[in-house]
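For chain A, the structure is supplied; the task is to place chain B on it using the hints.
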Amino acid sequence: MTAAALIAILIGMVLLLVRALMGPTLYDRILAVNAFGTKTVLVIGLLGYVMGRPDFLDIAMIYTLINFVTTIAILKFFRYRSFQVPLARRVDPAKGGE
Amino acid sequence: MRELFTADSGPLLINITLLAILFIVAIAIARLRSLFAIVMLSGVYSLVSAAWYIAVDAVDVGYTEAAVGAGMSTAVLLGAMLLTARTAKPEKPLSKIGPFLVCGATAVMLIYATVDLPGLGDPNSPANTGPGMTYVQINWFDTGVPNVVTSVLASYRGFDTMGETVVVFVAGLAVAMLLGFGERSLAETLRNKKRKDKEGDAS
Chain A
1 MTAAALIAIL
11 IGMVLLLVRA
21 LMGPTLYDRI
31 LAVNAFGTKT
41 VLVIGLLGYV
51 MGRPDFLDIA
61 MIYTLINFVT
71 TIAILKFFRY
81 RSFQVPLARR
91 VDPAKGGE
Chain B
1 MRELFTADSG
11 PLLINITLLA
21 ILFIVAIAIA
31 RLRSLFAIVM
41 LSGVYSLVSA
51 AWYIAVDAVD
61 VGYTEAAVGA
71 GMSTAVLLGA
81 MLLTARTAKP
91 EKPLSKIGPF
101 LVCGATAVML
111 IYATVDLPGL
121 GDPNSPANTG
131 PGMTYVQINW
141 FDTGVPNVVT
151 SVLASYRGFD
161 TMGETVVVFV
171 AGLAVAMLLG
181 FGERSLAETL
191 RNKKRKDKEG
201 DAS
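Protein sequence lines, in the order shown, are assigned to chains A and B.
All residue numbers for the first sequence refer to my numbering, where the first residue is 1 and numbers rise by one.
All residue numbers for the second sequence refer to my numbering, where the first residue is 1 and numbers rise by one.
This is chain A alone, in the form it adopts within the complex (with noise of 0.2 angstroms):
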C-alpha cells in the first residue's frame, strides 16, 4: 500500500519536472518547483514507513520549512527585484492610511 502511494507519487514528480521544463512562463516553474518539493517531501516520509524507519518523518518536516522559505523567497524577488524589502504592504505617507 505505501509502496504503490511512493510509486505514484514518483510518476508525480516525473510529471511535475516535465512542467518545470516546458514551462511557458515563470509562474509555471515556480509552481512546478514548490509542488516538486511538497513531493520530495511525501517521498522522504513514505520512505521512512517502507524501509521501516518512521522516525523520517523529522527529516520531511524540515524539508517543509526550507520548501516553504524558497519559494517566499522567490515569490519575494520577482516581486521586488530585491531580498531587502518588507513583505507588509508599506503605508505611503502622502497619501496616508491603507
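Wrong hints could be hidden among the right ones.
Stated by the list, open to error - Distance windows between CB atoms, simulated:
| id | chain 1 | residue 1 | chain 2 | residue 2 | range |
| --- | --- | --- | --- | --- | --- |
| 1 | B | Asp201 | A | Leu57 | 18 to 26 angstroms |
| 2 | B | Thr84 | A | Met61 | 31 to 39 angstroms |
| 3 | A | Tyr27 | B | Thr143 | 45 to 53 angstroms |
| 4 | A | Tyr49 | B | Arg31 | 34 to 42 angstroms |
| 5 | A | Gly12 | B | Thr150 | 14 to 22 angstroms |
| 6 | A | Arg79 | B | Pro126 | 47 to 55 angstroms |
| 7 | A | Met22 | B | Val56 | 27 to 35 angstroms |
| 8 | B | Ala154 | A | Leu75 | 34 to 42 angstroms |
| 9 | A | Tyr27 | B | Thr150 | 35 to 43 angstroms |
| 10 | A | Gly12 | B | Lys194 | 22 to 30 angstroms |
| 11 | A | Leu31 | B | Pro126 | 42 to 50 angstroms |
| 12 | A | Val14 | B | Arg157 | 21 to 29 angstroms |
| 13 | B | Arg157 | A | Met61 | 43 to 51 angstroms |
| 14 | A | Arg79 | B | Arg31 | 49 to 57 angstroms |
What the hints assert, rightly or not - Reference excerpt, derived from the structure (chain A facing chain B, CB under 10 angstroms, subset only):
| id | residue |
| --- | --- |
| 15 | Met1 |
| 16 | Leu16 |
| 17 | Ala20 |
| 18 | Val33 |
| 19 | Val43 |
Note that these hints are calculated values from the structure, not bench results.
Computed from a predicted structure; not experimentally measured.
Just so you know, even glycine gets a beta-carbon here, dropped at the ideal spot from N, CA and C.
Coordinates of chain B only, in the frame set by chain A:
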C-alpha cells in the same frame, strides 16, 4: 554486482527513479539558456539529491544538501542573477568539445573507482570493521545518543564540527559581503550608477 540483486527491490526502484530524475534535470540545466529556469532547476536538483541521500541512509548529508543546496544557494544564485543578464549567450558548438572530453574522462575514472568500493552496508567493508564497530558498541554508553553518526559528529568530534560550522559561516558571510544587502548592495549600486548615467545623458 551481487549486492545490487540481493537488495530489496523497493529501495532499488526508488534509487533508480530518483537518479533518473537527477539525470534528466542535469541534462536540462546544461541545455537551457534562461538563467532563471536554471536556478529553479538547480533547486529541484538539490531537493532530489537530498531525497536520494536519505534513501541511501546518509541522513546528515541530506539535511545539509536541503538546507544549503535548495534553500541558501537558490537565494544566493537569484541575488547573483540581479548582477547579470537574464539569458546565457549561445555558445559555438565546437567550443564545447574540450570541456566535454574532460568531463567524460573524469566520469570514466570515477566509474572505474566505484568498482573497488564495498557495497552499501557491507559488514566486511573497512569502514565497518575496526574503529567503526567500536563506536557502534560504545556510543550508547558514552553519549546516550541513539544515532551513531550524530554522536560522532556532535560529541566525539564536537570541536571539529564547530570548526566546520565556523568555516561555513565565514564563507556565507563573505558571499553576503561580496553581493551585499539592501541599498548598499552591489546590484543596487550598479543600478543607481546606470540611472545616474541615464540622467546625465538626458540633461
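Open item on the list: Under the constraints set out in the numbered hints, which ones does this structure not fulfil?
Closed with: 1, 5, 10, 12, 13, 14, 15
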